[in-house]
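Participant: Okay, here's what each chain looks like letter by letter:
Protein chains: 2
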Amino acid sequence: MLLTQKQALLPISRGEIPAGLVLKNAQVVDVFSEQTYKADIAIHQGYIAGVGVYKGEREIDMQNRYVCPGFIDAHVHIESSMASAFLFSKAVLPHGTTSVVADPHELVNVAGARGMDYFLRDSEHALINVYFSLPSCVPLGDDHNGATFSAKDMAPYVEDRRVVSLGEVMDFLGAKNGSQDLLQKIELLKHKTIDGHAPSLTGSDLCAYKLCGVDTEHECASFTEALEKLRRGFYILLREGSAAHNLEDILGGAIASGISLDRFLFCTDDKHLDSIAQQGHIDYNIKLAVKLGLNPVKAIKLASYNASRAYNLPDTGAVAPGYKADLVVLDDLETIKIHDVIKSGVFYSQMPACPAPQYDPNDPIYHTVHIPQITKEQLKLKSVNIFPVLSLIPHQILTRRESIAIPQQNGEFTPKNGLLKAAVVQRHDFSGQTAVGVVKGFGNLHGAIATTIAHDAHNLIIIGDNDEDMLLAIEELKRVQGGYTIVQNGAVLKTLPLRVGGLFTDDETLPLSQTIHQMLDICHQIGVEKDIDPFQNLSFLSLCVIPSLRITDQGVFDVEQQRYLL
Amino acid sequence: MLLTQKQALLPISRGEIPAGLVLKNAQVVDVFSEQTYKADIAIHQGYIAGVGVYKGEREIDMQNRYVCPGFIDAHVHIESSMASAFLFSKAVLPHGTTSVVADPHELVNVAGARGMDYFLRDSEHALINVYFSLPSCVPLGDDHNGATFSAKDMAPYVEDRRVVSLGEVMDFLGAKNGSQDLLQKIELLKHKTIDGHAPSLTGSDLCAYKLCGVDTEHECASFTEALEKLRRGFYILLREGSAAHNLEDILGGAIASGISLDRFLFCTDDKHLDSIAQQGHIDYNIKLAVKLGLNPVKAIKLASYNASRAYNLPDTGAVAPGYKADLVVLDDLETIKIHDVIKSGVFYSQMPACPAPQYDPNDPIYHTVHIPQITKEQLKLKSVNIFPVLSLIPHQILTRRESIAIPQQNGEFTPKNGLLKAAVVQRHDFSGQTAVGVVKGFGNLHGAIATTIAHDAHNLIIIGDNDEDMLLAIEELKRVQGGYTIVQNGAVLKTLPLRVGGLFTDDETLPLSQTIHQMLDICHQIGVEKDIDPFQNLSFLSLCVIPSLRITDQGVFDVEQQRYLL
Numbered sequence: 054m055l056l057t058q059k060q061a062l063l064p065i066s067r068g069e070i071p072a073g074l075v076l077k078n079a080q081v082v083d084v085f086s087e088q089t090y091k092a093d094i095a096i097h098q099g100y101i102a103g104v105g106v107y108k109g110e111r112e113i114d115m116q117n118r119y120v121c122p123g124f125i126d127a128h129v130h131i132e133s134s135m136a137s138a139f140l141f142s143k144a145v146l147p148h149g150t151t152s153v154v155a156d157p158h159e160l161v162n163v164a165g166a167r168g169m170d171y172f173l174r175d176s177e178h179a180l181i182n183v184y185f186s187l188p189s190c191v192p193l194g195d196d197h198n199g200a201t202f203s204a205k206d207m208a209p210y211v212e213d214r215r216v217v218s219l220g221e222v223m224d225f226l227g228a229k230n231g232s233q234d235l236l237q238k239i240e241l242l243k244h245k246t247i248d249g250h251a252p253s254l255t256g257s258d259l260c261a262y263k264l265c266g267v268d269t270e271h272e273c274a275s276f277t278e279a280l281e282k283l284r285r286g287f288y289i290l291l292r293e294g295s296a297a298h299n300l301e302d303i304l305g306g307a308i309a310s311g312i313s314l315d316r317f318l319f320c321t322d323d324k325h326l327d328s329i330a331q332q333g334h335i336d337y338n339i340k341l342a343v344k345l346g347l348n349p350v351k352a353i354k355l356a357s358y359n360a361s362r363a364y365n366l367p368d369t370g371a372v373a374p375g376y377k378a379d380l381v382v383l384d385d386l387e388t389i390k391i392h393d394v395i396k397s398g399v400f401y402s403q404m405p406a407c408p409a410p411q412y413d414p415n416d417p418i419y420h421t422v423h424i425p426q427i428t429k430e431q432l433k434l435k436s437v438n439i440f441p442v443l444s445l446i447p448h449q450i451l452t453r454r455e456s457i458a459i460p461q462q463n464g465e466f467t468p469k470n471g472l473l474k475a476a477v478v479q480r481h482d483f484s485g486q487t488a489v490g491v492v493k494g495f496g497n498l499h500g501a502i503a504t505t506i507a508h509d510a511h512n513l514i515i516i517g518d519n520d521e522d523m524l525l526a527i528e529e530l531k532r533v534q535g536g537y538t539i540v541q542n543g544a545v546l547k548t549l550p551l552r553v554g555g556l557f558t559d560d561e562t563l564p565l566s567q568t569i570h571q572m573l574d575i576c577h578q579i580g581v582e583k584d585i586d587p588f589q590n591l592s593f594l595s596l597c598v599i600p601s602l603r604i605t606d607q608g609v610f611d612v613e614q615q616r617y618l619l
Numbered sequence: 054m055l056l057t058q059k060q061a062l063l064p065i066s067r068g069e070i071p072a073g074l075v076l077k078n079a080q081v082v083d084v085f086s087e088q089t090y091k092a093d094i095a096i097h098q099g100y101i102a103g104v105g106v107y108k109g110e111r112e113i114d115m116q117n118r119y120v121c122p123g124f125i126d127a128h129v130h131i132e133s134s135m136a137s138a139f140l141f142s143k144a145v146l147p148h149g150t151t152s153v154v155a156d157p158h159e160l161v162n163v164a165g166a167r168g169m170d171y172f173l174r175d176s177e178h179a180l181i182n183v184y185f186s187l188p189s190c191v192p193l194g195d196d197h198n199g200a201t202f203s204a205k206d207m208a209p210y211v212e213d214r215r216v217v218s219l220g221e222v223m224d225f226l227g228a229k230n231g232s233q234d235l236l237q238k239i240e241l242l243k244h245k246t247i248d249g250h251a252p253s254l255t256g257s258d259l260c261a262y263k264l265c266g267v268d269t270e271h272e273c274a275s276f277t278e279a280l281e282k283l284r285r286g287f288y289i290l291l292r293e294g295s296a297a298h299n300l301e302d303i304l305g306g307a308i309a310s311g312i313s314l315d316r317f318l319f320c321t322d323d324k325h326l327d328s329i330a331q332q333g334h335i336d337y338n339i340k341l342a343v344k345l346g347l348n349p350v351k352a353i354k355l356a357s358y359n360a361s362r363a364y365n366l367p368d369t370g371a372v373a374p375g376y377k378a379d380l381v382v383l384d385d386l387e388t389i390k391i392h393d394v395i396k397s398g399v400f401y402s403q404m405p406a407c408p409a410p411q412y413d414p415n416d417p418i419y420h421t422v423h424i425p426q427i428t429k430e431q432l433k434l435k436s437v438n439i440f441p442v443l444s445l446i447p448h449q450i451l452t453r454r455e456s457i458a459i460p461q462q463n464g465e466f467t468p469k470n471g472l473l474k475a476a477v478v479q480r481h482d483f484s485g486q487t488a489v490g491v492v493k494g495f496g497n498l499h500g501a502i503a504t505t506i507a508h509d510a511h512n513l514i515i516i517g518d519n520d521e522d523m524l525l526a527i528e529e530l531k532r533v534q535g536g537y538t539i540v541q542n543g544a545v546l547k548t549l550p551l552r553v554g555g556l557f558t559d560d561e562t563l564p565l566s567q568t569i570h571q572m573l574d575i576c577h578q579i580g581v582e583k584d585i586d587p588f589q590n591l592s593f594l595s596l597c598v599i600p601s602l603r604i605t606d607q608g609v610f611d612v613e614q615q616r617y618l619l
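Protein chains in written order, with my numbering: chain A, 54 to 619; chain B, 54 to 619.
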């Protein structure tokens, strides 16, 4: 809180002047004592001025409803929602989320500091508090991504009050082996929180990783893993995203063993707008925790105070004088049913319409698909002899390496029997560098499907059964500057433009979820297996840390051997 | 931890190089999970390099003894021990205290920034980590003290890594009423912890005080008071000092009510070396908490992790990689019997003799008693008509105002029947300003007793039954530049020199406790009541915030009326 705000609030706090708004007869959910108690909450200029007995210019009877601190998503890639921070905030606020720690790892991979700037600017319009992590691993390894985000690039952001952490240190092998680059970045942000990402790291290697200065971990998959990491000093983030569901395993074990939950918090990491709309956001983590037997007040504490403490979020995470009036009103503590949400002292149910931030079509963030004319020649598979095939494992992002005889005609691969051509086109530097491979497991697609979301370099990735449709799909994504597209028989069937970095949209008029559903339907109509989401699968097919085979603009990559194949 | 330290420790952490010292078979007291578990602790260059299975150049079998983080005194005025930080550290380390947050309020009242500098310098030699609060209320009110410590004076210290908080905001009425001076000081240290001091403050006034930005409170006298302050967002410091004993009342209530203890920590505030030697330090708080029924691991957490978190003490408060190897080895968790203490990786039992810091007799900190020749005329009581008498209330620092006929001869007060003359002499500015009053309750002293410890201005205060002895006592304390003295029949019976600011000693050859005991004996021999510690009582007789009458160099002060009497 600013000094001038304190001066304005003090007479209200002392009870000498009525507060702008007083919530009468609230059952305060007190994260400090882990109990509830009845009181009035005096709110003024977006802050809590006092808790106790207060008079207000406007008084609203809470009728003994529970009033708890707003929920905090401690680690989220907003890009995964496929919406801007502004649109994302409109989706999560009704679910009680009033603050998030966002790691703009994806957009910064595409646009570097410019991506960081876009997020900082866009989030100023958000309905919630958006705090930031500075992505630590851009690029990841030898990725041909759009930009580098070095310690030098980070420096101008370090003092920004919204920057609260170094983004997940994904190169955990580099870190524990003393990578100068990572240690320097950690040093630069040593007064903030350092986020970790070290799935399955254990023993003395885990100790070394901790010693580097890493504070949090959101990649635990089991209670055993979480307990070891907790003991070594990591905060444990219980993740419930669209794909990753780690809360039950870890929290179930934690409750059963009776350990302290002081260092546990909640996050979503990656969650689509669609899943948020259907399932909820951090309120879903709370509900799940309560279902597992956790005391609801404690669950709310994990969702608010614990996250605020781990990231030192200012004036956030409790119902007390001087804290932001970011509150959730609950009907009860059994179902955690949200009655209303208060952000900066304003009820969500009474919020005026919030206009979207102004759109500047010339902003370079909307022009990130830089591809020259691609030729049929470039889509030719280099070798058709025992070429290793990337075979999807259903419902996983892992792939299996298969050695299958490649169907061919005149020495060229002719997709059939579930074998499709996959290509990755470098889209950041106009080089048009393209690599081609063979994939299996998508079904008998007739046509082409392409996307510019392909972790972490986010080059253009495309699958198809014929070169003409594949080339058209590339042209279509150049036209809209990124997104999803489906092409068949020389015609574009449907395109979802994702204009911000080719990763997500800030266009409020775009029916995002509806379009995605339509496109999935079309994919399945033109031959994709019913239970496969081709866009999701494609988005991980370039991520060279997931076994066993990947494809990037540089070729087909063997993750176990850590090398490109011919 | 510095970057270079990390680089040196990483190979040890990874287990590639043996650690300098490994504690084998330790039962780690884990403050994160609030459980214990068996492991080796690898220590190198003063830090914990790893926890798990490790080999060391030197291995010591802990034989399943408990190893817990070093204890932290979250709020202490080291001056109250009457010893320097260096001497104090030698007293508390064997009791498991490895870090303290010291508020040098007394010395800064005498010497301003020079006092701060002395403490920072002296504490570099201490055997423990000494962190600091910057005193916020110097002078307190209109005190004629030795120096002012304004926001401007504080500024050079704000970035010092050892400075972790703003010292207790004792002027709580000023703060809650929006004192510019205090709000500015809070603003200056807003990235650090703001210490509170607001006995009995409640309701909306307490909310206003919290809103100013105050974080902690160590003045709670009951569980009810502590619970209200906890709910409003204060950390609650459970104090066990020489005089104040608040732990049982508060913690007893807290345990009974089942509230969370996440925001509770331990402190001593003021504790003499003598009490420390007899009773212990923070280990005493732990033992008392365990006796009240608190889980020992939880009690240790309050004594370590909780304090470290509240004050953001770097690399402190847990047994995990990257933390300082500040550890306590316990024989058991029932009696909390300390087997040994490890500071920065060195066992206390094996520590080499630590030389005291060098003494520079010309340092102005040793020359703070600035008094011209005082005359008999100055010790004359201005009026002998119904003069209000400061009457001690036994075993309390409160006084009662009594209106007693003053015994007189030739229009001058002649001490007798338990009525003594009291005088306060300004000792900071050579003005020699002196005020005289009448006290009761010390007994039938024959002679004079004087001290330069008199909160908070620390002028020279003296009682006696004749002016000659009183004048000699003043001269004696000028000679030694501060301390305690006893004079009778024109002779100095005994003097305790307290050369640092006239408040404490840094002379290791001085038998401090022994001298104090001798002097108390002498006091009682020359007429002081048996159960009165005259030095203690004198040290509070100038503190104008304690009811009902006080005496300063400006006169006799009525605390209720907040004015000086004739």
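Careful, some of the hints might be misleading.
Intra- or inter-copy, both count: the list cannot distinguish identical chains.
Dumping the calculated SDA-like pairs for lysine to any residue here, alpha-carbon to alpha-carbon at most 20 angstroms [said to hold, decoys possible]:
#  : residue 1 : residue 2
1  : Lys583    : Gly346
2  : Lys91     : Ser313
3  : Lys351    : Gln449
4  : Lys59     : Pro252
5  : Lys143    : Pro564
6  : Lys108    : Asp258
7  : Lys583    : Leu596
8  : Lys531    : Gly464
9  : Lys429    : Pro414
10 : Lys351    : Ser310
11 : Lys340    : Ile450
12 : Lys245    : Arg214
13 : Lys433    : Gly306
14 : Lys435    : Ile70
15 : Lys77     : Thr388
16 : Lys469    : Val106
Hints are computed from structural coordinates only; laboratory data are not their basis.
Participant: Next, verify each hint and record whether it holds.
Facilitator: Against the structure, the hints:
In this homomeric assembly, lysine 583 and glycine 346 never come within 20 angstroms of each other (Cα to Cα): the closest approach is 37 angstroms inside a single copy and 61 angstroms across copies. In this homomeric assembly, lysine 91 and serine 313 come within 20 angstroms of each other (Cα to Cα) only across copies, at 18 angstroms, whereas the closest approach inside a single copy is 27 angstroms. For the homomeric pair lysine 351 and glutamine 449, neither the shortest alpha-carbon distance inside one copy (33 angstroms) nor that between copies (42 angstroms) is at most 20 angstroms. In this assembly of identical chains, the alpha carbons of lysine 59 and proline 252 never lie at most 20 angstroms apart, being 44 angstroms within a copy and 22 angstroms across copies at closest.
Taking identical chains as interchangeable, the C-alpha atoms of lysine 143 and proline 564 lie at most 20 angstroms apart only when both belong to the same chain, with a minimum of 14 angstroms there against 70 angstroms between chains. In this assembly of identical chains, the alpha carbons of lysine 108 and aspartate 258 lie at most 20 angstroms apart only when taken from different copies (15 angstroms versus 58 angstroms within one copy). Neither within a single protomer nor between protomers do lysine 583 and leucine 596 lie at most 20 angstroms apart by alpha-carbon distance, with minima of 24 angstroms and 82 angstroms respectively. With identical chains, the CA atoms of lysine 531 and glycine 464 are never at most 20 angstroms apart, being 30 angstroms at best within one copy and 106 angstroms at best between copies.
Neither within a single protomer nor between protomers do lysine 429 and proline 414 lie at most 20 angstroms apart by alpha-carbon distance, with minima of 32 angstroms and 90 angstroms respectively. In this assembly of identical chains, the alpha carbons of lysine 351 and serine 310 lie at most 20 angstroms apart whether taken from the same copy (16 angstroms) or from different copies (16 angstroms). Proximity of lysine 340 and isoleucine 450 under a CA criterion of 20 angstroms is satisfied in neither setting, with 27 angstroms inside one chain copy and 54 angstroms between copies. For the homomeric pair lysine 245 and arginine 214, the shortest alpha-carbon distances inside one copy (10 angstroms) and between copies (15 angstroms) are both at most 20 angstroms.
Proximity of lysine 433 and glycine 306 under a CA criterion of 20 angstroms is satisfied in neither setting, with 52 angstroms inside one chain copy and 78 angstroms between copies. Proximity of lysine 435 and isoleucine 70 under a CA criterion of 20 angstroms is satisfied in neither setting, with 78 angstroms inside one chain copy and 47 angstroms between copies. Proximity of lysine 77 to threonine 388 under the C-alpha cut-off of 20 angstroms is found in neither arrangement, the shortest distances being 23 angstroms within a copy and 48 angstroms between copies. Taking CA atoms no more than 20 angstroms apart as the test, lysine 469 paired with valine 106 passes in neither setting, with 75 angstroms inside one copy and 54 angstroms between copies.
Going through the hint list in order, the structure does not satisfy hints 1, 3, 4, 7, 8, 9, 11, 13, 14, 15 and 16.
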